[in-house]
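Full structure from sequences and hints, please.
Taken in order, the sequence shown gives residues 211 to 535; the numbers are from our numbering.
Keep in mind that the hints were calculated from the coordinates and are not lab data. Positions of the beta carbon are idealized from the N, C-alpha and C atoms, including for glycine. Hints are supplied without guarantee of correctness; some may be wrong.
Ranges between beta-carbon positions, derived for each pair [stated by the list, open to error]:
| id | residue 1 | residue 2 | range |
| --- | --- | --- | --- |
| 1 | 320 | 446 | 42 to 48 Å |
| 2 | 336 | 314 | 45 to 51 Å |
| 3 | 417 | 354 | 46 to 52 Å |
| 4 | 449 | 264 | 24 to 30 Å |
With a straight-line Cα cutoff of 25 Å, these simulated DMTMM-like cross-link-like pairs (lysine to aspartate or glutamate) come out [to be verified]:
| id | residue 1 | residue 2 |
| --- | --- | --- |
| 5 | 357 | 274 |
| 6 | 517 | 326 |
| 7 | 356 | 289 |
| 8 | 337 | 274 |
| 9 | 487 | 443 |
| 10 | 523 | 335 |
| 11 | 357 | 335 |
| 12 | 356 | 370 |
| 13 | 363 | 443 |
| 14 | 413 | 532 |
| 15 | 354 | 326 |
| 16 | 266 | 335 |
| 17 | 469 | 326 |
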Amino acid sequence: MKNPFLVVIYTFLVIIVLPVILTIGMYKDDIFQKKVVQTKKTNSINIKVYNTKTDKVEDMDIEEYLYNVVASEMPASFDQEALKAQAIAARSYVFHKIESGGDKIPQHKGAVVCTDHRHCQEYLDTKTLEKLHNKKWMNESFSKIKKAVDDTKGMVLMFEARTIQPLYHSTSGGKTENSEEVFSSSLPYLRSVDSPYEQESPKFRANMKISKNDFINKFKGIGIVLSDDIDKDIEVISRSEGGSVKEIRVGKSVIKGSKVRSILGLNSSDFNIKVDKNFVNILTKGYGHGVGMSQWGANGMAHKGYKYDEILKHYFKGVSIENKY
Numbered sequence: 211m212k213n214p215f216l217v218v219i220y221t222f223l224v225i226i227v228l229p230v231i232l233t234i235g236m237y238k239d240d241i242f243q244k245k246v247v248q249t250k251k252t253n254s255i256n257i258k259v260y261n262t263k264t265d266k267v268e269d270m271d272i273e274e275y276l277y278n279v280v281a282s283e284m285p286a287s288f289d290q291e292a293l294k295a296q297a298i299a300a301r302s303y304v305f306h307k308i309e310s311g312g313d314k315i316p317q318h319k320g321a322v323v324c325t326d327h328r329h330c331q332e333y334l335d336t337k338t339l340e341k342l343h344n345k346k347w348m349n350e351s352f353s354k355i356k357k358a359v360d361d362t363k364g365m366v367l368m369f370e371a372r373t374i375q376p377l378y379h380s381t382s383g384g385k386t387e388n389s390e391e392v393f394s395s396s397l398p399y400l401r402s403v404d405s406p407y408e409q410e411s412p413k414f415r416a417n418m419k420i421s422k423n424d425f426i427n428k429f430k431g432i433g434i435v436l437s438d439d440i441d442k443d444i445e446v447i448s449r450s451e452g453g454s455v456k457e458i459r460v461g462k463s464v465i466k467g468s469k470v471r472s473i474l475g476l477n478s479s480d481f482n483i484k485v486d487k488n489f490v491n492i493l494t495k496g497y498g499h500g501v502g503m504s505q506w507g508a509n510g511m512a513h514k515g516y517k518y519d520e521i522l523k524h525y526f527k528g529v530s531i532e533n534k535y
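See the structure below:
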């Protein structure tokens, strides 16, 4: 009589083990390929970008896209911690667009973002960057920027389980703005905060000197009449928490400070107007809309020893930094 133990082992090998070996042999390529694909997905993602210069939608790796965005939005001479903060803000901007339907915006032509800085983030392709700078800059400075992006790979700013709208600007002039005082909506993480380390910014303070006649004509072009006694025709009615002019009386009209900024081509809406005999002097503080992170303020904080996470959590209140991949 055969050994029953050996019969059981033989049956197990024939019925169970052998089919498994044959299956792996037949489908090993598919199994391993799926594993590779999954690994790629966890490393990064691809996004669609509408290139406004070529009028084409391009498929890009988000991290490679961010190399050029950061290089276009912030000077490479800035501190590495400021560049890291910029990289996270730029990445958060893309994910905010993904989550809020950026591909439904008509100007994007089906893409999540575009390359026009007036509508999205600035994006200059590598050839343009090299032409704008030089090969040495590409080897040294662009590599520095790429490292800032690589060191923060996948990191975004979150508030209540959603990626924030991470607005940023060049220079606040000493204090940032509440979002609702510049734009239409009030966002809890875009609050006015002090920005004390911006003095190195070339746009920290500026003075525009314009003749009285030119000043009068600029407002005449939009239907606002001023007398020769400009000093009496100009009155700031209210300012924001950050210091920008909210409303101002010009002649008999009351208009927004942002409108005056647009008419006169000022650096910001934080301005003071002084009139002398023949000229009007407009003193401005800061550069840009003033909401969110001040780039020069971020660089100043980095020079004071603050790390990228401390910089971001200063300018964006109540946020956390999380990994998307």
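query = Which of the listed hints are broken here?
reply = 2, 3, 4, 6, 10, 12, 13 and 14
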